[in-house]
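Protein chains: 2
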Amino acid sequence: MLKSKLSTPQIYDDLHMQLVTAQIPQGQKMRSERLREDYDCSANTIREVLFRLASEGLVIFEDQRGFRARPTDPERLHYLTKFRIMLEQEGATASIQHGALEWEAQLAASHHKLSHIESKLSETSLSGNTLKLWSLAELEFHDTLLSACDSPFLRSSYRRTYDQFRQQKIMQPEYGYHPENIVEHQAIVTAALKRDAHACRVAIYEHMKRNLRDGGASGTLHPDALGAASTG
Amino acid sequence: MLKSKLSTPQIYDDLHMQLVTAQIPQGQKMRSERLREDYDCSANTIREVLFRLASEGLVIFEDQRGFRARPTDPERLHYLTKFRIMLEQEGATASIQHGALEWEAQLAASHHKLSHIESKLSETSLSGNTLKLWSLAELEFHDTLLSACDSPFLRSSYRRTYDQFRQQKIMQPEYGYHPENIVEHQAIVTAALKRDAHACRVAIYEHMKRNLRDGGASGTLHPDALGAASTG
DNA sequence: TTCCCAGAAAATTTCAAAATTTTTGAAAAT
DNA sequence: ATTTTCAAAAATTTTGAAATTTTCTGGGAA
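Here the protein sequences line up with chains A and B, keeping their order. FYI, the numbering for the first sequence is 1 to 232, going by this note's numbering. FYI, the numbering for the second sequence is 1 to 232, going by this note's numbering.
Note that these hints are calculated values from the structure, not bench results. A hint or two may mislead.
A pair counts as met if it fits within one copy or between any two copies, since identical chains are not told apart.
What the hints assert, rightly or not - As a list, the in silico SDA-like pairs of lysine to any residue whose alpha-carbon atoms are at most 25 Å apart: (1) 132 <-> 13; (2) 209 <-> 155; (3) 29 <-> 48; (4) 169 <-> 150; (5) 120 <-> 7; (6) 29 <-> 45; (7) 29 <-> 47; (8) 120 <-> 153.
As the structure is a prediction and not an experimental result, all values here were calculated from the model.
With the sequences and hints as input, model every part of the structure.
Written as structure tokens, this is what we have:
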């Protein structure tokens, strides 16, 4: 692997990518010395980058024992999903209320790109490259959905949560394979463009519930992430 | 200032405390060399701690220009408040649904402590120490309110947001002075113990709206943080 | 065979100094 | 008087190595 002297932010980007795509497997030790050689820099630069990745949850740090890619953890996947559902429901509802024509247009565009990729995925088996393409398009779709919510902290929090979710999920063989995704994404975008906040919340829950601990058993009764909104 | 060789985590705690209490004023430069002397450690240890504080938003980092305590920014305070309202409304609603007797008891306890401190605050002018005491009690109250929401990511996200909010707000002379706080906290706890999620959401909004950009002008119509839930 | 301890090896953390970049301040030119 | 230029000073970033801690390995005792 020949790399021509990457800068510190580039090293960060590269390791981030390797973590969310599980090219660095979950739980694997990340030794400073090894990475120092790979990137041809000092141990301190590596340490700095790893601390930043740790603060975002992709890496865990233990005092005097160094760094490891975060191991798989079903409970963590459950709670990440729960938080994602809540953030996306709240963000989408706010976008529906505040978003203008430009938002609708961007949402339609990102959904068009995503559904194009997804229709090809169902025909051919996915190579590593098309999987990356799909993953990027899906993130862009979800982010566009929230882009008019007028809450920068919600958006950055969603992004961090999505990355961690992806790191947990990507090694499961069914990641990206679900044909249901097509109709689920369609339901989300349809509800959003109809400005039907409640239907959009339900669609978001239906899209993600399979990653909850119980697979969303009590789903139709409580479509909100924290089991809350149905009480109003 | 005589410190007997603090460890790295202790240095982190100390700087964190100084930042959220604005003992390090907003916008002030934080020079490695100066801090290295204060804490009697190497520049690298300081750098590590400052990067961590930067990832939590209390410090800003500019390449080749070092670190600064985050400056005051009214827009930032607005968006921090908006996000805090959303997280607390969602978390409280979930706690109301899931919380058992133990939760009620802890909530009553933390509110009792808080209101005791607040009743004294209205009589005497607050010294630096009672302000710290109040601040700690208020955080504990809000955290207890969310403690039964069964969403660890919501709680840690709330904590980070609260710290940043406090850093922005603490220098404003009215911080901690509001007599309204007493009745507002009472309204929150009453609604929560009555298991009235909607009333609790309204009370949370009413408690925080003065920190929004417009002071909550359209408040009574839209008690939800992102202006959303009233559409359902 | 299993358990435990000591010594060796490896990895992490801290340190101090060199190298790079930014900031400062004064002199020269417009 | 204002702007520009350049050199000195100050601060940040990187580096390589020392010091500390953990992990590994092998031998001896139960």
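Here is how each hint holds up against the structure:
1. 132 <-> 13: The answer is within: 15 Å in one copy meets 25 Å, while 40 Å across copies does not.
2. 209 <-> 155: both (21 Å within a copy, 21 Å between copies)
3. 29 <-> 48: Both. Shortest intra-copy (16 Å) and inter-copy (21 Å) distances satisfy the 25 Å Cα cut-off.
4. 169 <-> 150: Between copies only: 21 Å across chains, 29 Å inside a chain, cut-off 25 Å.
5. 120 <-> 7: For residue 120 and residue 7, neither the intra-copy (36 Å) nor the inter-copy (55 Å) Cα distance is at most 25 Å.
6. 29 <-> 45: For residue 29 and residue 45, both the intra-copy (17 Å) and inter-copy (23 Å) Cα distances are at most 25 Å.
7. 29 <-> 47: both (13 Å within a copy, 24 Å between copies)
8. 120 <-> 153: neither (34 Å within a copy, 35 Å between copies)
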